[in-house]
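Use the sequences and the hints to build the structure in full.
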Amino acid sequence: MLLGAGSGGTKIADILQKLTRTDLGNAAFPWLSSKLIEVGLAPAMAFRMNLSVNWAGIAPSIEYQNHIFDAIMAAGAAFGIKPFGIRAMDAMRLEKSYRLVGTELSIEYAALESGFSVCAFE
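Offset between the sequence shown (1-based) and the working numbering: plus 747.
If you're looking for bench data, these hints aren't it; they were derived computationally from the structure. It is possible that part of the hints are untrue.
[Said to hold, decoys possible] Here are the simulated EDC-like cross-link-like pairs (lysine to aspartate or glutamate), alpha carbons at most 20 Å apart as the crow flies: (1) K829 / D761; (2) K829 / E851; (3) K829 / D817; (4) K758 / D770; (5) K758 / D817; (6) K782 / D770; (7) K765 / D817; (8) K829 / E860; (9) K765 / E785.
Written out as structure tokens, the structure reads:
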């Protein structure tokens, strides 16, 4: 069984960098790329993305979930890190005007009707 996790916020790269030897900077780890890294003592495949989170990861086994969560929370304590849920993540996606086909966009209604006039085409 795999563990999937997402993390977001303006300081998440700084927090994750405290937990890995892998360079997470923009040049070494560009947007929409992935690398096998270690988060604390756990191996994980990290994905740099930007839908509603900045980083996502998959650990090879769910048995690492507590270690990864605890390590991220401990490293992020100085930054005021807090867990957030799927509804908050969805709200952040909407604030950034990231639409999902089948949710805000459909063949039945257009971007303008979904409140995304900035994305509407004539």
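Do the hints match the structure? See the list:
1. K829 / D761: holds, 15 Å
2. K829 / E851: violated, 28 Å
3. K829 / D817: holds, 12 Å
4. K758 / D770: Given pair K758, D770 holds - Cα atoms ~15 Å apart, limit 20 Å.
5. K758 / D817: Answer holds: K758 to D817 is near 17 Å, not above 20 Å.
6. K782 / D770: holds, 10 Å
7. K765 / D817: holds, 13 Å
8. K829 / E860: Status violated; Cα separation ~34 Å.
9. K765 / E785: holds, 11 Å
In this structure, the earlier hints numbered 2, 8 are contradicted, and the remaining ones agree with it.
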